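Q: Start from chain A and add chain B according to the hints.
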Amino acid sequence: MTRPLLIENARIVDPASGTDQMGAVLVENGRIDDLALGGPVGVPEGVEVIDAKGQVLAPGLIDMRVFVGEPGKEYRETLASAGAAAIAGGVTSFVMMPDTTPVVDDGALVDFLIRRAEAQSPARILPAAAITKGLAGKEITEFGLLKEAGAVCLTDGAASIQSSALIRSAMAYAANFDMAFVHQVADAGLVGDGVMNEGLFATVLGLKGIPREAETIPLARDLQLAGLTGVRYHAAQVSTQGSVALLAAAKSGDPKVTAGISINNLCLNENDIGRYRTYFKLSPPLRAEADRQAVIEGLRSGAIDTIHSDHDPQDSEVKRQPFAEASNGAIGLETLLAAALRLVHSGDLDLLTVLGAMTRRPAEILGLDSGRIARGAPADLVLFDLDYPWQVTERDLRSKSRNTSFEGARMQGKVMRTFVGGKSVFVHEDGI
Amino acid sequence: MPQQNSPAGRSGDFPPFAQRHLISIADLQQHEIVDLLDRAERMIEVSRQERKSLPTLSGKTQINLFFEPSTRTQSSFEIAGKRLGALVVNMSVKTSSVSKGETLVDTAATLNAMRPDVLVVRHSAAGAVELLSQKVGCSVVNAGDGAHEHPTQALLDALTIRNHKGTLTGLTVAICGDIANSRVARSNLLLLGALNVRTRVIAPRTLLPAGIENLATEVFTDMDEGLKGADVVMMLRLQHERANGKMIPSVREYYRFYGLDEARLAHAKPDAIVMHPGPMNRGVEIDPAIADGPRSVITDQVEMGVAVRMAVLDALLPARNAP
Chain A
0 MTRPLLIENA RIVDPASGTD QMGAVLVENG RIDDLALGGP VGVPEGVEVI
50 DAKGQVLAPG LIDMRVFVGE PGKEYRETLA SAGAAAIAGG VTSFVMMPDT
100 TPVVDDGALV DFLIRRAEAQ SPARILPAAA ITKGLAGKEI TEFGLLKEAG
150 AVCLTDGAAS IQSSALIRSA MAYAANFDMA FVHQVADAGL VGDGVMNEGL
200 FATVLGLKGI PREAETIPLA RDLQLAGLTG VRYHAAQVST QGSVALLAAA
250 KSGDPKVTAG ISINNLCLNE NDIGRYRTYF KLSPPLRAEA DRQAVIEGLR
300 SGAIDTIHSD HDPQDSEVKR QPFAEASNGA IGLETLLAAA LRLVHSGDLD
350 LLTVLGAMTR RPAEILGLDS GRIARGAPAD LVLFDLDYPW QVTERDLRSK
400 SRNTSFEGAR MQGKVMRTFV GGKSVFVHED GI
Chain B
0 MPQQNSPAGR SGDFPPFAQR HLISIADLQQ HEIVDLLDRA ERMIEVSRQE
50 RKSLPTLSGK TQINLFFEPS TRTQSSFEIA GKRLGALVVN MSVKTSSVSK
100 GETLVDTAAT LNAMRPDVLV VRHSAAGAVE LLSQKVGCSV VNAGDGAHEH
150 PTQALLDALT IRNHKGTLTG LTVAICGDIA NSRVARSNLL LLGALNVRTR
200 VIAPRTLLPA GIENLATEVF TDMDEGLKGA DVVMMLRLQH ERANGKMIPS
250 VREYYRFYGL DEARLAHAKP DAIVMHPGPM NRGVEIDPAI ADGPRSVITD
300 QVEMGVAVRM AVLDALLPAR NAP
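Residue numbers (numbering that gives the first Met the number 0), protein chains in the order written: chain A, 0 to 431; chain B, 0 to 322.
Because the hints were derived from the structure by calculation, they are not lab data. Values in this document were obtained by computation on a predicted structure and should not be read as measured data. Even glycine gets a Cβ: it sits at the ideal position worked out from N, Cα and C. There may be inaccurate statements among the hints.
Example chain A residues on the side facing chain B (calculated, C-beta under 7 Å, incomplete) [stated by the list, open to error]:
no. : residue
1   : E197
2   : G198
3   : L204
4   : G205
5   : R274
6   : Y275
7   : R319
8   : P321
9   : A323
Which chain A residues stay away from chain B? Per the calculated CB distances, all over 12 Å, these [said to hold, decoys possible]:
no. : residue
10  : D32
11  : G143
12  : S168
13  : F176
14  : I431
Bound conformation, chain A alone (with noise of 0.2 Å):
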């Protein structure tokens, strides 16, 4: 038995249950105990006592989108090494997505991994199964046996499926099992051979362009085919105007759909990709400004519910290419927050919008006791400075992979201490 911890002068930001107020939050036995906003608290004896100093303490956020290099690419990412940089970027628990080698379609390995995980990694992580085998976009996976062993939500990770017959039938599957459906939406047709958005800036630097409507018209299909089967779907991660407008309509007919935005998708548009810059070799890509600022607009309106890191370790081997040849993704466990408070900071969005598309939604959907401070709820917080200033090193970045779009980048906020299970796991070198 650890001792009971108290955490107190704290300014507890709760989206759950709308709190942005001073209090104190009292730990025991991995969950949180006791709750008192407001005065000051007494202090039980024998407690351990954190003085927050006024900081921000928030449930630890839920990243529905990581890919970890493990098992099979171990040199990207391990589940220890994911972990690390989960904890540092105030993430308690993530999805991993099934995208590995071998992929995740059984539930032995779902059962492996979940053992796995707990043995090497601070932070939570939570298998989600693939739709269909191998990634292969033919035929379903074994939804209840994988649902069984443990897998959080069904996703073919990175594949879009293209068939619109098995789409509808793995919908109606998934909704005999009530498991969350979530699929990135891509039209391999329409996507042919482009790697950037399609516009001025792809036809300057003689890139194909990937153009908008190859997101929303497999995403118009999608909402349609959900609800008709009434599986829980979730749009993996959207990047286009039309595609917040198609989740806006749809959701006021079906309240079971909900959608998620990569961070790189709210802080960075095409420009970014500056000459050929690969670390903004994205899926899907980088729109326009437009684009960003009607994601940002989704999240505000409720069009858009979750944000997430989309953290994808890829190697400079294959990196280092030219821009067509380089592959998709970037990391961002570490730095999801700290962009995601660029968004408060520059007035954009609220504190508990921000927070609530990464703790109380992602719990939601998964259908998790976590993401929340209250009574009885496990006790996975970040405790955050929010206005601490740094700048991203990829050096200093815990992942394996050193592909951040956020390199150099100027940061205001930053975790002080993160807690899984009421353990600190995570302690700034200028943290309380």
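A: Showing chain B alone in chain A's frame:
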């Protein structure tokens, strides 16, 4: 002809050229473009002498690194380097998209260790030459990277036009054909735009890239309309694989609507010249009678190519080695 009185090939008359590489026309200021054209003018004279050589690059090593085969561009750069006294080495690297093995960056490191003074690079991927230039210690000249740029082609085209028309000012240049996939079109639009020349692009909609209206002065899908009043008609090569039913239904339909024949050319100005970067597809984008006719300046373009490449090599290398 400018600087008529200067002796042939005295590059010392020009101010130092403030660029290390030539990757993109977009990197050049207007005065730098004019400077390169003036230098090339002088190099024409060198090539027309009986002793076609200058010692300016003596002792220097030039490597032509071609990841994409090209007989004419590679030999043009080779002759340019040799006429300036450089040691020229040609390397053709066969790459298959399936099994690449050594990466471009590895290749760059290997070649860099051989201490060349200039690398002339062609690659099928846009941005590949830029990437390579970041990894080597010598000057790099882009000899074509994917659908991005082919800066020496645009320079030689401008020089050809200037020599035939006496000036570039006030002209209208129509670029016709596969704009979407053409690095020649991009470099030309940038260069002509920088010199305030009116540009038109003419192509079927499937071969017009997004946002092209921001790069060209006017955009046409009807060839006869687009050619009206043009001083220069610049044809582009249509890759046969484009006429596979995806972008273009057939070669014969393409030729019917976008091929340059006598009747079409009659819409341009009576003294309009016809250009083509080569290699030509006679009967696909151009009537053989036009290609080999009196208004074609296609062989002049080849001659200007050597002069421009001599000028570029001459301009870049002293700048690199200046104290």
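Q: Decide, hint by hint, whether the structure agrees.
A: Structure-based check of all given hints:
1. Using the Cβ-Cβ criterion of 7 Å, the hint placing E197/A at the interface with chain B is satisfied: the shortest such distance is roughly 5 Å.
2. A cut of 7 Å between beta carbons decides the hint on G198/A: the least distance to chain B is about 5 Å, and the hint holds.
3. Given hint, L204/A at the interface with chain B, holds; its Cβ is 6 Å from that chain's nearest Cβ, closer than 7 Å.
4. Because the closest C-beta pair between G205/A and chain B is about 3 Å apart, less than 7 Å, the hint holds.
5. For R274/A, the interface hint holds, since its Cβ comes within 7 Å of a Cβ in chain B; the closest pair sits about 6 Å apart.
6. Because the beta carbon of Y275/A sits about 3 Å from the nearest beta carbon in chain B, less than 7 Å, this interface hint is met.
7. Because the beta carbon of R319/A sits about 5 Å from the nearest beta carbon in chain B, less than 7 Å, this interface hint is met.
8. Against a cut-off of 7 Å between C-beta atoms, the interface hint on P321/A holds, since the closest Cβ of chain B lies about 3 Å away.
9. Checking A323/A against chain B: minimum C-beta separation of about 5 Å stays under 7 Å; hint holds.
10. Chain B leaves D32/A outside its interface by the beta-carbon criterion, the shortest separation being 55 Å against a cut-off of 12 Å.
11. Residue-level check passed: G143/A sits 39 Å from the nearest beta carbon of chain B, beyond 12 Å.
12. Distance check on S168/A: its Cβ is at least 31 Å (rounded) from any Cβ of chain B, clearing the 12 Å threshold; non-interface status holds.
13. With a minimum CB-CB distance of about 40 Å to chain B, F176/A clears the 12 Å threshold, and the non-interface call stands.
14. Separation of I431/A from chain B is adequate, the least Cβ-Cβ distance of about 43 Å exceeding the 12 Å criterion.
The structure agrees with every numbered hint stated previously.
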